[in-house]
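Given the coordinates of chain A, assemble chain B onto it according to the supplied hints.
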Amino acid sequence: MAAVYGVTRFEFDEENDLKSYTVFLADVVHGRPPWRPLFLIDSWGKWVYRAVQRAAEQLSLPTTRGWDARYIKGYPYLAVIETTEQEAKKRAPLFRKRIRPYIEDFNAIWEERKADIMNTYKELKQRYGLKKYEGIKKLSNVELMDLFDDYMQVNRKQWDIHMEFMVPAYYLFGLFEQMCTELLGFGYTDPLFARLMAGFDSMVFQFNKEIWRLGNRAVELGFDKLFRTTEDAEELLAKLEESKAGREWLEEYHDFLEVHGWRNERMLDWATPSWIEKPSLGIPLIKVAISSGGTYTIEERREEAVRERKEAEKEVSDKVPAEQRGWFEALMKAAQKAGYWSEDHNYYLDLYCNGLGRWITREIGRRFAEAGVIDDPEDVYFLIADEIEKALIPMGKNKLHKQVEVRKKEWKGYLKVAPKSYYGNIDLVQEVLRKDPVISVATSVPVVREDLKADLYGAASSPGVVEGVARVIMSEDKLAELKPGEIMVAPGTSAPWTPAFEIVKGVVTDGGGALSHAVILAREYGIPSVTGCLEATKKIKTGDKVKVDGDLGVVYILR
Amino acid sequence: MSGKWALWFEELGKEDRELVGRKCANLGEMVKIGLRVPPGFALSIEAYKDFMSMTGVVKEIGKYLAKSKPKDLKQCKQASVDIRQIVLLKAMPEKLEKVITSHYSELSRRCRTDEVAVSTRSAGPVSHPGQYETHLNVVGKSELVDKIRQVWASTFNTRSLIFRSRKKARSAGVIFTADPNTGDDTRMIIEGNWGLGESVVGGKSTPDIYILDKKSLKILEKKLGPKSRYVTFKKGGVVEKKVPSEKSGKFCLSDREAKEIGKLGKVLEKHFGVPQDVEWAVEEDKSFPKNIILLQTRAEVIAQNKTPVDQVVDLMLGRFSGGGGFGGGKM
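Quick mapping for you: the protein sequence lines, in order, are chains A and B.
Under the working numbering, the first residue of the first sequence is numbered 188, with each subsequent residue one higher.
Under the working numbering, the first residue of the second sequence is numbered 42, with each subsequent residue one higher.
Looking at chain A on its own, in the form it has when it is part of the complex (with noise of 0.2 Å):
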């Protein structure tokens, strides 16, 4: 049994622990790389697991009752806690109740929780008189204090309205998938499956049309060989600094940071920066914009999206019986508002968020640092929120300097380590995944077929064969070097990864289910993708020729 970080809330005693819960999977989707402590204890361990239990409860979920989570070596473990067969019979009846407005209007229920979190933000910001990002600067070490204590407040509401929807999207989603391929003979996998999902509009999509306008803007005012030739992007910006035409567009472009700009590099972590803090971190997308010719082709295409998916509505329906019509059609219905849900809840929870608690935490640091507290404004994240809360009033009085060295060795021990994907009985993984089909968004279990004798197997994909060179891109800085025509190979892609959609041929990821962003941009693009593959990054190398085979969820090295 080993603390965490000093903290003893999720140390895993193997032997009682494995006496309570049939199997732990690795959270390999979001804790990879291992969190700092501050935003595994403090924010992912303090309110993600209490909002999947909170979800469980309210919905009256029959076979699950949420998540138990575990640290392991720095990664975050996940258990499914699974109900009796008696329990499940009685919490049927409210679930039932509980369930209905989602499958009768989903986006209804979206759009007055967006209006809400969307508010939140705007009365935290307000509150404390903060209109530019840079207002935080001002505030005195008495509000900055209320502010994080209020900051984590939000940050609960967000993770809260976050399972409240993640949860019956995706038990309408996988239900919907599971009676096509029943009824009618296809799954996911079939083009068909993704003509039905794709063609809806949503704030991704819209993000992205600015990251294009910005990307033509720079082309009218002349810039169109200074972005294609310049590599480092934080010269790019200085060289625009350097004529008013290039102060013009830089002028833009922080106007669309204030707004767009609250996202971190990587999307659930304090630790990294975030866009309007750092505005270098836009330009390889707009590179990527400018590079492909300045037509954001999704725009177009989407009318034709919608047209197909009508007819692929048309088309399903027409197969199913009759007299199963009805239910089928509501269903279908639903299944698309929750595909639409998992591509827009992004921009508004976790990256709009995670961009606030950045700017807080950020703003923490440099004052410690200054003051003596700790040595380096990014030592913050070494902290947790009880020893902030110790040093900020009187700020210089307690030094932090030991816990962040202490802590920080630990972590970049967690570094080192290849996090085993399981412990427990793995056998009974599908009997777990049915009792609780939400977990396969966090854990990635892939299904192995030896008669394909394939390189890498995944869990979820997007239809189509492709073959064609990879590139392993790590993090999303680093979407510049792709090349179009090439198979991006990922850890995983969130939203500020679209562009990089417009580009390649062919997608692999090692973490990511069916609802992953992965999947759901390379149907809207219609090309393959196979996700889940658990270890792409690491087999496949930069330059290798693979072939995507999306039809069957396998990719191929050919070397």
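Derived by calculation from the structure, the hints in this document are not laboratory data.
Glycine residues also receive a C-beta, built at the ideal position from the N, C-alpha and C atoms.
Incorrect hints may appear among the rest.
Claimed, not checked - Cross-link-like lysine to aspartate or glutamate pairs, in silico, EDC-like; alpha carbons within 20 Å at most: (1) LYS284(A) / ASP351(B); (2) LYS277(A) / ASP351(B); (3) LYS260(A) / GLU274(A); (4) LYS347(B) / ASP292(A); (5) LYS520(A) / ASP355(B); (6) LYS264(B) / GLU498(A); (7) LYS426(A) / GLU438(A); (8) LYS276(A) / GLU324(B); (9) LYS520(A) / GLU324(B); (10) LYS288(B) / GLU324(B); (11) LYS264(B) / GLU510(A).
Said to hold, decoys possible - The following residues of chain B were derived to be distant from chain A, with all beta-carbon distances above 10 Å: (12) LEU60; (13) GLY75; (14) LYS90; (15) SER109; (16) ASP123; (17) ARG297; (18) GLY314; (19) LYS331; (20) ARG339.
For chain B alone, kept in the frame of chain A given last:
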């Protein structure tokens, strides 16, 4: 005793459910009210019980189980194979065989042929489709006796057996006298395919669908199913075949045939007092309306007037407790 081993359909009625199972009893009832049902007879549950005791199978199985005491799934499977073997090795007792073969000869005579093709199906108080062996095209006395032993070996439950003549069906399917999903009892739904009804009942091929107004028998909607496969006879059994292209694009029923099936469905619903789920067939070499025959009827299971949303929730709850799961873990 032997008088109760085999019974003609016309000897049966609703009251004989315990003796021959609900399915046979309903067939008897259909004959009584003058509906066209292929001629046939039933072997009673008594016949099965007596077979088991007369041959000594009951005792042998008792001994086997006392000795082997299966503990896990693997051992249970083995026990099931062994017990089946015990039954299969037994000859049909002479008295029982005589009753069966004499009924078979009489059935052949009624059908004006030497050796009539019959289908055998097991039938208990409750039907369990797909759990017991069914033989659809059995010809000849010795073959028949053999098949009976096989069916009995496949069930460790007291079941009766139905035997009836099977003729080449041009089309077959089911009619629900109320919408089974919504409970709407103003509409009737017919599903049909080419060939024998097994392709429709088994859900293997997407059938043609007719929706009829119950009152007027007007066809409200008809939908051409792709009907890619159909089931037909082959020597000593049945076979699934690809529907020839000139037929898959055509409806398997004419409108007046559909209406006639609707009319018969209404008669049955009125007689039994609740909506019915009826199997029908259209025989190849007879003319309308004599070509339409009924194979079986039972009370329809209705999803209690549920809204589509309720049905989605039902499905979801079914996934938790039953097989199948959610998205196969691929979500």
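Can you give the numbers of the hints that this structure goes against, from lowest to highest?
-> 3, 8, 9
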